[in-house]
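2 protein chains.
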Amino acid sequence: MTDRLQRLREALEEPLLVTDQVNVKYLTGFNSDNVALLVEPERVRLFTDFRYAEGARGTVKDVEVVETKRYVYADVAPMLSGRVGFEAAVVSYANYEALRGGPAELVPRAGVVEQLRAVKEDGELEAIRKAAEISDEAYERLSRERFIGRTEQELAWLMEQLLHECGGERLSFDVAIGSGPNGAFPHADPTDRKIDAGELVIVDCGTTVQGYASDCTRTFATGSLPAEVKEAYAVCREAQEAALGGVRAGAFGADVDAIARRRIDASQFKGLFGHGLGHGVGMRIHEAPTLRPESKDVLEPGNVVTVEPGIYMPGKGGIRIEDLVVVTDGDPEVLTHFSKDLISVE
Amino acid sequence: MTDRLQRLREALEEPLLVTDQVNVKYLTGFNSDNVALLVEPERVRLFTDFRYAEGARGTVKDVEVVETKRYVYADVAPMLSGRVGFEAAVVSYANYEALRGGPAELVPRAGVVEQLRAVKEDGELEAIRKAAEISDEAYERLSRERFIGRTEQELAWLMEQLLHECGGERLSFDVAIGSGPNGAFPHADPTDRKIDAGELVIVDCGTTVQGYASDCTRTFATGSLPAEVKEAYAVCREAQEAALGGVRAGAFGADVDAIARRRIDASQFKGLFGHGLGHGVGMRIHEAPTLRPESKDVLEPGNVVTVEPGIYMPGKGGIRIEDLVVVTDGDPEVLTHFSKDLISVE
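Protein sequence lines, in the order shown, are assigned to chains A and B.
Each residue of the first sequence is one higher than the one before, starting from -4 at the first, in the working numbering.
Each residue of the second sequence is one higher than the one before, starting from -4 at the first, in the working numbering.
Treat the hints as calculated values from the structure; they're not laboratory data.
None of these values were measured; they are calculated from a predicted model.
Idealized CB from N, CA, C, for every residue including glycine.
Among the hints, erroneous ones may be present.
Claimed, not checked - Coverage of chain B stretches by chain A, computed from C-beta distances (three or more under 8 Å per stretch; other residues unrestricted):
(1) 75 to 85
(2) 131 to 139
Unchecked claim - Cross-link-like lysine-lysine pairs, in silico, DSS-like; alpha carbons within 25 Å at most:
(3) K64/B <-> K291/A
(4) K225/B <-> K125/B
(5) K265/B <-> K335/B
(6) K64/A <-> K265/B
(7) K265/A <-> K64/B
(8) K225/A <-> K189/A
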């Protein structure tokens, strides 16, 4: 029995059927896209089909492995009884219908394993620190490369190669590049637009180590910029650093978001910070807790979160500055060390 | 109104709420992870939050764009009425509960848009042909590279770079490499195992063009192999080519699978083909129709499917040979042209 399974059992009001692939991997070490884990007070069973059952037996300890047909939910349904929780945000309506074919009384539950995952263990923090170091090094190398004349897509591929060369396992998510006016869209995919002189370039990326992600954004300048744009950069950086100062155990995610938002909204760039301040990072690139206006989360020691305000100026460009930090009882441990100065590249 | 939306309307018994991201992109061209499309007889509405609404208005034609709060399902629920279909395999139980808060009578539906997507238009076929050409070229280049002494992970990264250099947009899925005994697991991720002389190496990968995927597997030999292994290769290739001969409009997916399975099960390698024969490919790497023992699908002209039997010999290694083909009324159009001979690499 892993400590994680033990902690989960202590948190449960009734047995829980865990079907999120990442949650099962977190609890057992076993990774499959066709799996269910039934956690009961006296017993833990892992259900998976013939393709994976042998591998599962070799991976999990103190967990019974039960081989099912290809459609796990239909096979598991008759084996459930009494009250059984299920992951309501993960199970599709069709799979819920299959489970409902069995005798159990199904109880929708949300975020149970995710709450455990939100507080990282030492080994998890080590992996994330390493992933952040790799992205620091990749940003250093990127800043010595030519930007002007390359397309956003070429720059994204270059960064992917740098992350790999620096030791990253795989991208946390597709490298995002927003140059010039494209930077004004927070979720822009890299395009074939050629980067020009005298504009902003947002680079947002991360890599994984042992399956744990890093996440970092920096905004570069390709030569000299209008005064208004430099002012926006200064405001965004101030907002980012002020918000970092508010990240500590016991703080509300909504309040930390408000620190950055107030600073931007008190400037001439009011209303141009069009997304939440940050999110948890771990086995997934977006996980608990969240730092945004409508968040109900309270930060705990061991949370790993991003702090990433942005200013998006339609037609002119965008700025985003993002650090990845560990929440402690005092100041956060900042994991991303690449300079936050407005670096000029060629 | 796109032709696709028109065809969908003709197929509907009641209005359909489309929430699968790829299905919405297929129907409207608009791509967002927070979107719902309500297709009614006289009206089509696209719901998305403030982050995407402006982009949506610029993308979609003849579709009303309605801006919602961040949680689209909760905002859409009160706007539904009468009988409304929803995508039961896509909508989570939690989102279903949010929809149920509105006045509509919800009807679970499965695979409606997926059935349209399964029959490719000319433009879609062009993109897939191009993606397959790129992977052909990448396999050619890979076959001239050194295998022995490289780890599976290094070979996977090399193939990723080759696919990119040959013009691929992004990987269809993470490059899969199974060398020596690791090849005996159909779903093995690349490891740090060093490839040795005198063994089999399975390489399974693809790339996208305009968002459409290719998929191809070849198995290489690093020098001379035992007679039994060469025989297994010959059996797998015969099974693959026999199954290709059965791919045509009107054939049942289960029957095409059986052609390959019978051939392998009639040999000394009986029982070692431990997965389905193939699957549809398009905007997703796995889509309709399926070629497997339990498939109910009937092939139609314009389907694009893989034909990929394998023989997995525990402790010894694995073989898989996969082509991507277009279903026609006659012989299939094979899109993957790299040699299926057992190529010896160094």
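Outcome of the hint check:
1. 75 to 85: n = 4 at 8 Å, threshold three: holds.
2. 131 to 139: violated (count 0)
3. K64/B <-> K291/A: holds (17 Å)
4. K225/B <-> K125/B: violated (32 Å)
5. K265/B <-> K335/B: Given pair K265/B, K335/B holds - Cα atoms ~22 Å apart, limit 25 Å.
6. K64/A <-> K265/B: holds (20 Å)
7. K265/A <-> K64/B: holds (20 Å)
8. K225/A <-> K189/A: Roughly 22 Å between the alpha carbons, so the hint for K225/A and K189/A holds.
Hints 2, 4, counting from the list given before, are not met by this structure.
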